[in-house]
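All chains should be built: construct the whole structure from the sequences, respecting the hints.
In case you want the letters, here they are:
Protein chains: 2
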Amino acid sequence: MSKLLELDDVTAPVCCAPLSDSDLGEDEAAELATVFKALADPIRLRLLNMIASAEDGEACVCDLTVPFDLTAPTISHHLKVLRQAGLIDGERRGTWVYYRVIPERLTRLSGLFALPALAPA
Amino acid sequence: MSKLLELDDVTAPVCCAPLSDSDLGEDEAAELATVFKALADPIRLRLLNMIASAEDGEACVCDLTVPFDLTAPTISHHLKVLRQAGLIDGERRGTWVYYRVIPERLTRLSGLFALPALAPA
Numbered sequence: 004m005s006k007l008l009e010l011d012d013v014t015a016p017v018c019c020a021p022l023s024d025s026d027l028g029e030d031e032a033a034e035l036a037t038v039f040k041a042l043a044d045p046i047r048l049r050l051l052n053m054i055a056s057a058e059d060g061e062a063c064v065c066d067l068t069v070p071f072d073l074t075a076p077t078i079s080h081h082l083k084v085l086r087q088a089g090l091i092d093g094e095r096r097g098t099w100v101y102y103r104v105i106p107e108r109l110t111r112l113s114g115l116f117a118l119p120a121l122a123p124a
Numbered sequence: 004m005s006k007l008l009e010l011d012d013v014t015a016p017v018c019c020a021p022l023s024d025s026d027l028g029e030d031e032a033a034e035l036a037t038v039f040k041a042l043a044d045p046i047r048l049r050l051l052n053m054i055a056s057a058e059d060g061e062a063c064v065c066d067l068t069v070p071f072d073l074t075a076p077t078i079s080h081h082l083k084v085l086r087q088a089g090l091i092d093g094e095r096r097g098t099w100v101y102y103r104v105i106p107e108r109l110t111r112l113s114g115l116f117a118l119p120a121l122a123p124a
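One line per chain: the protein sequences are A and B, in this order.
Just add 3 to wherever you are in the first sequence, counting from 1, and you've got the numbering used here.
Just add 3 to wherever you are in the second sequence, counting from 1, and you've got the numbering used here.
If you are wondering where the hints come from, they were derived from the structure by calculation, not from laboratory data.
A hint or two may mislead.
Same chains, same names: a pair is fine if it fits in one copy or spans any two.
Claimed, not checked - Straight-line distance between alpha carbons at most 25 Å, and here's what the computed SDA-like set of lysine to any residue pairs gives:
1) K83 to D72
2) K83 to E31
3) K83 to L118
4) K83 to D26
5) K40 to D59
6) K40 to R111
7) K83 to S25
8) K83 to D24
9) K83 to A117
10) K83 to P21
11) K40 to G114
12) K40 to T98
13) K40 to S79
14) K40 to R96
15) K83 to E58
16) K40 to I105
17) K40 to G97
This is the structure:
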């Protein structure tokens, strides 16, 4: 889609099985660890939240800097980390870059933690 | 339940709203970042997978060391990180500690990434 998407170009779509129902391979574990490393930062989580909850499904970088007492380059760095983890994608239109989440990736993470059948206590 | 549960005792149950549908506060973002930091390691992900997929819903630490070329203290460290993040709980019975996932925590993470209504393309 966009040239900004990096890691997702390299890593093929992988299994969506929940942690409770599958045998996580070394490669998948390594790739997921990269995604969680991207999520292991409060600023990036809030940025992802702003993008995921944005009206029209996308957020202008011009709005993403507002709530934070951080420089634009710092925000850009955090957005780059999210993008490299395949969580968001960005598209430049005119002056600004507009970001949206990659639904497949969020859905996969949601499925990863799903507990389809809880064992009886 | 068990004395081994640490972080979860401190952090009160928090909101389960999906990222796409809520305004993530600073405190919740900081707490979630801690959880994702615990998940940002391939060994810990595989350990969590083994525990989550264990028959009877629990895994003996004696079995968790088998697939890894790591020392028992290293595995114990990783299990401690998962426990402190509130993802698993452990109970000592006799010689061994038995681990199980904390379903509420996994369900919360699953819900966090849920996309209840995808925006039209």
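_At most 25 Å between CA atoms: does that hold for K40 and D59 within a copy, between copies, both, or neither?_
Neither: 28 Å inside a chain and 31 Å across chains, both beyond 25 Å.
*Up to 25 Å CA-CA - I105 versus K40, copy category*: Both, since 17 Å and 21 Å are each at most 25 Å.
I want to check one pair: K83 and L118. Are their C-alpha atoms no more than 25 Å apart within a copy, between two copies, both, or neither?
between (31 Å within a copy, 22 Å between copies)
| query | Is it within, between, both or neither when you check K83 against D24 at 25 Å Cα-Cα? | reply | between (32 Å within a copy, 23 Å between copies)
25 Å Cα threshold - placement of R111 relative to K40: both (16 Å within a copy, 18 Å between copies)
Practice task
Classify it for me, K83 with E31: is the Cα-Cα distance of at most 25 Å met within a copy, between copies, both or neither?
Solution key: both (22 Å within a copy, 22 Å between copies)
task: State whether the alpha carbon distance between K83 and S25 is at most 25 Å within one copy, between copies, both, or neither.
output: between (31 Å within a copy, 23 Å between copies)
key: Copy assignment of K83 with P21, given that the CA separation must stay at most 25 Å   = between (27 Å within a copy, 22 Å between copies)
How would you label the pair K40, T98 (within, between, both, or neither) given a Cα cut-off of 25 Å? Cα proximity of K40 and T98: none, with 30 Å in one copy and 34 Å across.
### Task
Check K83 against A117 for me: Cα-Cα at most 25 Å, and say if that holds within a copy, between copies, both or neither.
This pair counts as between: shortest inter-copy Cα distance 22 Å, intra-copy 28 Å.
Next on the checklist: Regarding K83 and D72, is the shortest C-alpha distance of 25 Å or less found within a copy, between copies, in both, or in neither?
Outcome noted: The answer is within: 18 Å in one copy meets 25 Å, while 34 Å across copies does not.
**Study point:** Intra- versus inter-subunit Cα pairing at 25 Å for K83 with D26
**Key:** between (31 Å within a copy, 22 Å between copies)
Violation of the numbered hints given earlier is confined to hints 5, 12, 14, 17; the remaining hints are satisfied by the structure.
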